[in-house]
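Build out the structure end to end from the sequences listed, making use of the hints.
Chains as they are written, first to last, in my numbering: chain A, 1 to 421; chain B, 1 to 421; chain C, 1 to 421; chain D, 1 to 421.
Just so you know, these hints were derived from the structure itself, not from any lab. Some hints could be false.
Since the list gives no way to pick one copy over another, a pair counts as held whenever it fits inside one copy or between any two copies.
Below 30 Å or equal to it, Euclidean Cα-Cα: the simulated DSS-like pairs (lysine-lysine) are [to be verified]:
| hint | residue 1 | residue 2 |
| --- | --- | --- |
| 1 | K25 | K340 |
| 2 | K25 | K35 |
| 3 | K317 | K255 |
| 4 | K79 | K35 |
| 5 | K19 | K255 |
| 6 | K419 | K35 |
The structure presented is a predicted model; accordingly, all values stated were derived computationally and were not measured.
Number of protein chains: 4
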Amino acid sequence: MSTKSSEISGNELSSLRQKFSAARKATESLVATLKPEDCVIQTMPDVSPTRWHLAHVTWFFEHFILCNHLPGYRIFNDKFSYLFNSYYYTVGEMHLRPERGFLSRPTVAEVMDYRHHVDRHMETLLAREPDNELAFLVTLGINHEQQHQELILTDIKHVFSHNPLYPALRESVAKPNGRAGEIHFIEHPEGIAEIGYSGTEFVFDNETPRHRTYLQAHAIANRPVTNREFRAFIDDDGYRRAELWLSDGWATVNKEGWSRPLYWTEDLTRYFTLGGMQEIDSEAPVCHVSFYEADAYARWAGARLPTEPEWETLAAKTHTDGNFVESGHLQPVTQLDETKGVRQLFGDVWEWTQSAYGPYPGYRPLAGALGEYNGKFMCNQMVLRGGSCATPHSHIRATYRNFFYPQSRWQFSGIRLAKDC
Amino acid sequence: MSTKSSEISGNELSSLRQKFSAARKATESLVATLKPEDCVIQTMPDVSPTRWHLAHVTWFFEHFILCNHLPGYRIFNDKFSYLFNSYYYTVGEMHLRPERGFLSRPTVAEVMDYRHHVDRHMETLLAREPDNELAFLVTLGINHEQQHQELILTDIKHVFSHNPLYPALRESVAKPNGRAGEIHFIEHPEGIAEIGYSGTEFVFDNETPRHRTYLQAHAIANRPVTNREFRAFIDDDGYRRAELWLSDGWATVNKEGWSRPLYWTEDLTRYFTLGGMQEIDSEAPVCHVSFYEADAYARWAGARLPTEPEWETLAAKTHTDGNFVESGHLQPVTQLDETKGVRQLFGDVWEWTQSAYGPYPGYRPLAGALGEYNGKFMCNQMVLRGGSCATPHSHIRATYRNFFYPQSRWQFSGIRLAKDC
Amino acid sequence: MSTKSSEISGNELSSLRQKFSAARKATESLVATLKPEDCVIQTMPDVSPTRWHLAHVTWFFEHFILCNHLPGYRIFNDKFSYLFNSYYYTVGEMHLRPERGFLSRPTVAEVMDYRHHVDRHMETLLAREPDNELAFLVTLGINHEQQHQELILTDIKHVFSHNPLYPALRESVAKPNGRAGEIHFIEHPEGIAEIGYSGTEFVFDNETPRHRTYLQAHAIANRPVTNREFRAFIDDDGYRRAELWLSDGWATVNKEGWSRPLYWTEDLTRYFTLGGMQEIDSEAPVCHVSFYEADAYARWAGARLPTEPEWETLAAKTHTDGNFVESGHLQPVTQLDETKGVRQLFGDVWEWTQSAYGPYPGYRPLAGALGEYNGKFMCNQMVLRGGSCATPHSHIRATYRNFFYPQSRWQFSGIRLAKDC
Amino acid sequence: MSTKSSEISGNELSSLRQKFSAARKATESLVATLKPEDCVIQTMPDVSPTRWHLAHVTWFFEHFILCNHLPGYRIFNDKFSYLFNSYYYTVGEMHLRPERGFLSRPTVAEVMDYRHHVDRHMETLLAREPDNELAFLVTLGINHEQQHQELILTDIKHVFSHNPLYPALRESVAKPNGRAGEIHFIEHPEGIAEIGYSGTEFVFDNETPRHRTYLQAHAIANRPVTNREFRAFIDDDGYRRAELWLSDGWATVNKEGWSRPLYWTEDLTRYFTLGGMQEIDSEAPVCHVSFYEADAYARWAGARLPTEPEWETLAAKTHTDGNFVESGHLQPVTQLDETKGVRQLFGDVWEWTQSAYGPYPGYRPLAGALGEYNGKFMCNQMVLRGGSCATPHSHIRATYRNFFYPQSRWQFSGIRLAKDC
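Next comes the structure, spelled out in C-alpha cells:
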C-alpha cells in the first residue's frame with residue numbers, strides 16, 4: 001500500500017477508470033435481488049446492514065478522494081460521515097457499530113442516489129490526469145470496495161440464516177460435484193525463506209515489507225479438510241473433549257453451546273447457504289468454522305495448522321485460480337481427485353493459520369487516517385489466507401493477509417492441515 | 001371481556017362490520033408514509049417493528065377467529081404463527097421478542113397481502129350471522145388492533161429518535177396553543193366507592209368485576225403537570241437528589257444517566273416528536289416520563305400520585321373528550337386556562353397512578369389462551385389511566401387500565417398530582 | 001415509628017437498657033460458632049457478610065444516636081461510615097453493596113472491638129435519663145438489630161449452601177415432628193375493616209396510619225402449604241407449565257433454570273439447612289420459595305394468595321406465639337393436626353401476600369435520613385407477613401410488614417392460600 | 001519440561017529434598033502476617049484467594065505425585081480435588097474460578113493441616129530413592145509452587161487495593177534509591193539466531209524445543225521505561241489519543257475508563273504498594289501497565305516493543321541477577337545510572353513483548369493431564385519476559401516465557417523499548 005511519486009500512463013489511467021466502474025457495478029449487481037427491508041438488518045455487531053456497506057464504500061471515495069482532490073466538490077450529506085465512517089477515529093466521531101441496525105434512513109434508494117452522485121464526480125476526476133498518489137488512492141478504494149463485496153455476502157447470509165423463512169439470495173448455489181480423494185502432504189525443507197511483498201503492484205500495507213524468515217522442515221496438505229472429515233470429528237465427540245481444545249476455545253464452545261459448524265442443522269444433514277437450506281456436500285471443504293474449531297480439528301487429526309510463512313511459501317509457487325465469487329457458486333466446491341499437486345489453496349475457503357496477526361518486521365502503516373486501515377488490528381486476531389468463494393478473484397494474491405478473531409465463524413473460513421517433518 | 005351467550009341484532013352486526021373495517025383501515029392509514037426500511041427496525045426489546053405489528057394483529061384475527069369459526073379456512077403461511085405470536089404460550093412456541101428486528105421477511109408488501117387475505121375472509125365470516133361469542137372475539141380483535149395502533153406510533157417514534165437524521169412521520173405535529181394556568185385541586189371526601197366495569201359493553205377482563213373499595217379523603221389536580229413545571233424540578237437538581245427518589249428509581253437514574261424526560265435534547269430546549277425536532281411547548285403536559293420520574297416529581301412538589309380508585313372515581317364523573325389520535329396532533333397540547341373543572345383527564349398523556357397493577361377482587365381471566373391477554377402481567381407494573389394523544393378515542397373509558405413497568409418512558413406518559421386532605 | 005415528645009419513666013428506662021443489652025448479646029450469640037473466614041464471604045449482592053452486619057448495626061447506633069446525643073463522643077473510625085452505611089444517601093457516600101465481599105478488613109476481632117466501644121458509650125448514654133426521642137431512636141436501633149439477626153442467619157445459610165463442604169451453623173436443626181393434617185379454610189364476610197397501627201408501642205413507619213379498607217368475602221387457609229403438597233405441584237410439571245405463571249415469573253423460571261425450591265437437592269429428597277444437609281420433612285411448611293412460585297402454586301391449587309388486609313384482619317384475632325428464632329429450630333416445623341383454628345400464622349415462614357408493597361393512605365416517612373428506612377422501597381416488592389423461624393419473637397406483630405422482590409428466595413418464605421367466597 | 005529415564009544421584013536427591021522444603025516454607029513465610037479473613041477474598045475472576053493458592057499447590061503434589069507414587073497414600077479430603085483443581089479438565093470437574101471467593105471453608109488452619117499432611121508424606125517419599133520421572137515431577141511441583149508464590153503477592157495486592165482501609169502486607173517496601181539516567185539502545189545485527197532451551201536442567205515445556213529463527217537488525221533499550229517517562233505520556237494526553245492505540249486497546253481504555261496505570265491515585269502522585277499507599281518513585285520502572293498501554297507508550301515514544309527472539313538473544317548474554325522477591329523490596333527499584341550495559345532485564349518488572357504467545361516449532365506438550373499446564377493457553381495472550389520483584393530468583397532464566405492477556409494489569413508488568421535499525 002505504498003504511494004508512488006510520478007504520473008501514471010494513459011493505459012494505466014484507462015484501466016483505472018474501467019476498474020473503478022467495474023468494481024462499483026459489481027457491488028450493485030450483488031444486491032440486485034435484495035428487498036429494501038433486507039438491506040437494513042443487523043443480526044450481530046460483526047454484521048453490518050447491506051445499506052451500510054453500500055454507503056460506507058461510497059463515503060470512502062468521497063472522504064478520502066473527492067473532498068481532497070476534486071476542487072469545488074460539495075459533500076452529498078453532512079451527516080453521512082458520522083453515519084458511514086467505520087472506524088477512522090482520526091476522521092471524527094462515528095455512529096456506534098452495534099447500532100447500525102437501528103437506522104432505517106437513509107433509505108436504500110437514497111443511498112443509491114449517493115452512490116451515483118459520487119460515481120459521477122469520480123468519473124469527472126478520473127477524466128483528468130491523476131498523479132500516482134491519486135491513482136493509489138483510487139486503487140485502494142477499489143480494493144476496499146471489493147472487501148465489502150465479500151462482507152455484503154457473508155453478512156446477508158448471517159441475516160437470512162436468522163430468519164425462520166430462510167430466504168435465499170440466489171435461486172441456487174453450487175451442488176456436489178465429485179470426490180475429494182485422499183489427503184496427502186507436500187513437504188518443504190528447513191531454511192531461510194522470504195515472505196511479504198516487494199513489487200510495484202497495489203498491495204495492502206500489512207503485506208510489507210518483504211523480509212527473511214526461518215522455516216523448519218514441514219509439510220502442508222494438498223487440499224482443505226472436507227465436511228465428511230469434519231463430521232468424523234463431531235462423531236468422535238470432538239466438541240465434547242476438553243483435551244482437544246485451547247482453553248479459550250473450550251470456554252467458547254461451552255458458553256455458545258457449539259456442537260457443529262455455523263449454519264449446520266442440528267441433525268447434521270443440511271446447512272444454510274446463500275441459495276437457502278441445502279443438503280451438506282460431504283466432499284466439499286468444511287466451512288464456517290472458527291480458529292478454535294480448526295485448531296481442535298487439527299489436534300484431533302494428529303496435525304496442526306500451517307504458519308503464515310509456510311503457507312505463503314507454498315502459495316508463491318501456486319497460481320491463484322480457484323472458486324471465487326465470479327464462479328457464482330457462493331459455496332465451496334470440490335476439485336476433482338485427479339488434480340495434481342496442491343488444490344484449492346486459493347478460493348473456496350479462507351484458511352486459518354496458526355499465526356497471530358501482527359506487524360512484519362519494519363512494518364510502517366500508511367500516513368494519516370488511512371494508517372488506521374490495517375495496523376491497529378494487530379492484536380488478538382489470527383491470520384487467514386487464500387480467499388474464498390465470496391472473494392473477487394482480482395483481489396487475492398499469495399501475500400494477502402486476512403484476519404479475524406479466533407471465535408469468528410460467519411466468514412467462509414475452513415481448514416488446511418500441516419505437519420512437522 | 002366477558003363472553004355473552006345469545007345472538008346479536010342486525011344493527012349490532014352492521015356496526016361490527018363497520019368497526020372492523022374502520023379499525024383495519026385506520027392502522028394502514030397510520031403507516032401510509034413509512035418506507036419499507038422503516039418497518040423492520042427494532043431499537044430496544046420493548047419496541048416492535050411496524051411490520052411486526054401489522055402482521056401480529058392480523059394473526060390475532062386469523063388464529064383466534066378464522067381458524068376456529070370459518071369452516072375450510074386455510075392458514076396463509078404456516079410459519080406466521082411462530083413469527084407473529086406475541087406471548088401466548090398456550091398457542092405454541094414463538095420467535096424471541098428481542099430478535100424481532102432480525103427479520104427482513106416477510107416484506108411489508110407480503111404482510112399487506114396477508115392483511116388483505118385475512119380481511120377478505122373476515123368479511124366472509126361477518127357476512128353470516130355471528131353469535132355473541134364470535135361478536136365478542138371480533139370486538140376483542142378490534143380493540144387489540146387499536147392497542148397496536150398506539151404502539152405503532154410510540155415504537156416508530158423511538159426508532160426515528162435513534163436516527164441522527166431525525167426523520168418525521170408527519171410533516172408537522174401540534175404547536176403551542178395557549179396557557180395552562182395555575183393548578184388547583186378538586187377534593188373528594190372519605191367513603192366507600194365502586195370501581196370497575198359491570199355493564200354489557202365490551203371491556204377488558206382486567207376492568208372487572210366492579211367492586212367496592214374504601215377511599216380516604218383526597219384531592220386531585222385539575223390538570224396534568226406541564227413541561228414548564230417539570231423544568232423547574234430539573235433546575236432544582238431534581239435528578240440529582242437521592243432523597244426525592246424511590247430506591248429502584250434512583251438506581252435507574254444513575255444506571256441510565258437520566259437527567260431529563262426521554263426525547264428532550266441535552267440543552268432542554270427541544271424534543272423529538274413524530275413531526276421531527278421541535279421547540280419544547282412549556283405549557284403542554286410533560287410527557288415520556290417514567291413512573292419513577294412521576295413519583296419523584298410529585299414528592300418534590302409536596303404531593304403524590306393518585307391511586308387507581310381515586311382516579312377512576314373522578315373519571316366516572318367526567319366525559320371522555322380529549323386530544324386523542326384522531327386530532328392528528330400526535331403530541332400533548334394545552335387546554336385553555338378558562339376551562340372549568342378537571343381538564344385533560346382523558347387523552348394527551350397516560351397518567352401514572354401510584355397503584356401497582358394487580359387483579360381486582362374476584363378477577364377471572366378469560367378462558368384458554370386469551371386468558372394470557374392481561375392476567376399474567378399483574379406483577380411489577382404500575383397502572384396508567386386516561387389514554388394519550390396516540391390512543392383511539394373509541395378505545396378509552398373511565399374503567400380502562402393500562403400498565404407499564406416503572407422504568408418505561410417511551411409511551412406518552414405524564415403526571416397528574418394528588419394530595420391527602 | 002412516630003417520635004414522642006416528653007420523658008419516659010424509670011421502668012421504661014430500665015427496660016430499655018435491658019432490651020438494648022439483650023439485643024446486642026443475641027446477635028453475638030448467633031455468630032459464636034462462626035470462623036473469621038465465614039464472616040467475610042458474599043455469595044450474591046443480596047447477601048451481606050456476617051462481619052458487615054455486625055458492624056452495620058453498630059454504626060447505626062453510633063451514627064444516629066451517639067454522634068448526636070452523647071456530648072464529646074469520638075467516632076471509632078472515620079472510614080466506617082463509608083464502609084457500613086447500607087443505603088442512607090442523605091448520610092453520605094457508601095461502599096458498593098455488591099463489593100461487600102471484597103473486604104477482609106476490618107477483621108472480625110476489630111469489629112467486635114467496635115461493637116464493645118459503642119456498647120460502652122450506649123450504656124453511658126442510657127445511664128442518663130433519655131427523653132422520648134432518644135428512647136424511640138434506641139428502640140428503633142434495637143428493632144434494626146433484630147432485623148439483621150434474621151439476615152445474618154439467612155445470609156450465612158446462603159453462603160454455606162454454596163460451599164461443596166456444606167458446613168453447618170448448628171449441629172442440628174428441627175427434625176420432623178408430626179402430621180400437618182388436611183387444610184381447611186376460615187371464612188370472613190364482606191365489609192369495612194381497619195388495618196395498620198394506631199397505639200403507642202414502637203412500630204415501623206410503614207405500619208401507619210391505621211386506616212379503613214374494604215374487604216370482599218374471602219377465606220384463608222388454616223395452615224401453610226407443606227413440602228408434601230408443593231412436591232405434588234412439582235410432580236404435576238408445575239415448573240414447566242407456562243399457564244400457571246405470571247409472565248415475569250415464567251421468564252425467571254427459564255432464565256434461572258428453577259425446578260424446585262431453593263436449597264432442595266435435584267433428586268427432591270434433601271435440602272440444605274443451617275444444620276447441614278437433611279431429609280426433607282414432608283409435613284413441614286414449604287420454604288425458600290419466591291413470590292412467583294407461591295403465586296403459581298396457588299393458581300395450580302385453584303386458590304390465590306391472601307391480600308395484606310385479609311391477612312392482617314385474621315392476624316389481629318390470633319396470638320403471636322410460634323416457631324421463632326428463640327426455639328432454636330432454625331427450620332419450619334409442623335404444628336400438630338389437632339390444633340384448632342388457624343395455625344402458624346406467626347413464625348415458621350414469612351407468608352407471601354398478593355399485595356405489592358406501597359404506602360398506606362396518609363403514610364409519612366420519618367424525618368431526615370431515617371426516612372430512607374422503609375419508604376423508598378415502596379415499588380416492585382411484595383409484602384410478606386408473620387415472621388419466620390429466624391425472626392426474634394419480640395420483633396413481630398399483626399401489623400408488621402416485611403417486603404422482598406418477587407424473585408427473592410433466600411429468606412424463610414412460604415405460602416398460605418386464600419380464596420374468594 | 002522433558003522427563004528423563006534413569007536414576008538420580010545422591011547429591012541431586014539431597015538437593016531435591018532441600019528445594020522442596022525451602023519452597024514450601026517460602027510460601028508460608030509470605031503469608032505469615034495475613035489474617036484468616038484476608039485469605040478468602042476474591043476481587044475479580046483473575047484473582048484467587050490466598051487460601052486457595054495454599055491448597056492448590058498442595059493438591060498438585062498430592063494428585064500428581066503422592067497418589068501415583070506413594071503406595072498406600074490416602075487422600076486427605078475427597079472434595080479437595082474438586083475445590084482445588086485449577087484447570088486440569090483431564091483430572092475431573094472443578095469448582096468455578098469466579099466463585100473461589102464464595103468459600104469460607106476449609107479454613108486457613110485446615111488448609112495448613114492439609115499442607116503439613118502432604119509435606120510429611122512427600123518427605124517419606126523423598127526419603128526413598130526417586131527415579132528421574134519422580135524427580136522431574138517434584139521439580140515441576142516446586143516450580144509450580146514458585147509461580148503461585150508470585151500470584152499470592154499480586155493477588156493480595158489487588159485485594160488490599162480494593163479496601164478503603166488500604167491494608168499493608170509489609171510494614172514498608174522499597175523507597176526511591178537513585179536516578180535512572182538517560183535511555184540508550186543496544187544494537188544487534190540481522191541474522192539467524194537460536195532461541196529456546198536444549199539442556200538438561202528443568203524448564204517448562206513451552207521453552208522447547210530450541211530452534212532457529214531469523215532476526216532483523218534491531219536495538220533494545222538498556223533499561224525499562226520509568227514512571228517519570230510514563231507520566232510524560234499521560235501529560236501528553238496519551239490515554240485520550242486514539243491514534244496511539246491498538247483498536248482493542250482503545251476499546252478497553254474507554255470501556256474501563258483507564259487514565260493511568262493500575263494502583264495510581266487519580267492525582268498521579270501516589271500508588272498502592274504491598275506496603276500501603278506511597279509516593280510514586282519517578283525514577284523506578286513503571287509497573288502495572290497492560291500490553292495495550294505498553295504498546296501505546298512505545299508508539300508515542302517512536303519505538304516499539306521487542307519480540308521474544310530479540311529479547312531472548314539479548315538475555316542469553318546477560319546474567320540473571322536483579323530485584324527479585326528475595327530482595328524484600330516488593331516494588332521495582334532503580335539501578336544506578338553508572339551501571340554499564342543492559343540493566344534490569346531480569347527482575348523488577350515483567351517486560352511485555354510484541355509476540356503473541358504460541359507454540360515453538362515442533363513443540364510437544366507433556367503427556368496426560370500435565371499437558372494442560374502450558375499448551376492450551378497458546379492463544380490471545382502476549383509473552384512477557386524476565387521476571388519481577390515478586391518472582392523467586394531461582395525460578396527465572398533467559399528462556400522463561402510468561403504470558404498474560406493484553407488487558408491484564410495486576411501483575412508487576414512494565415515496558416522495555418526496542419527499535420528497528
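Checked hints:
Taking CA atoms no more than 30 Å apart as the test, K25 paired with K340 passes in neither setting, with 36 Å inside one copy and 65 Å between copies. For the identical chains of this complex, K25 and K35 are neighbours both inside a copy (18 Å) and across copies (25 Å), given an alpha-carbon limit of 30 Å. Within a single copy, K317 and K255 get their C-alpha atoms no closer than 41 Å, and across copies no closer than 46 Å, so neither meets the 30 Å cut-off. Taking the shortest Cα distances, K79 and K35 sit within 30 Å of each other both inside one copy (25 Å) and across copies (20 Å).
For the identical chains of this complex, K19 and K255 are neighbours neither inside a copy (45 Å) nor across copies (41 Å), given an alpha-carbon limit of 30 Å. In the homo-oligomer, the alpha carbons of K419 and K35 never lie at most 30 Å apart, since the shortest distance is 47 Å inside one protomer and 53 Å across protomers.
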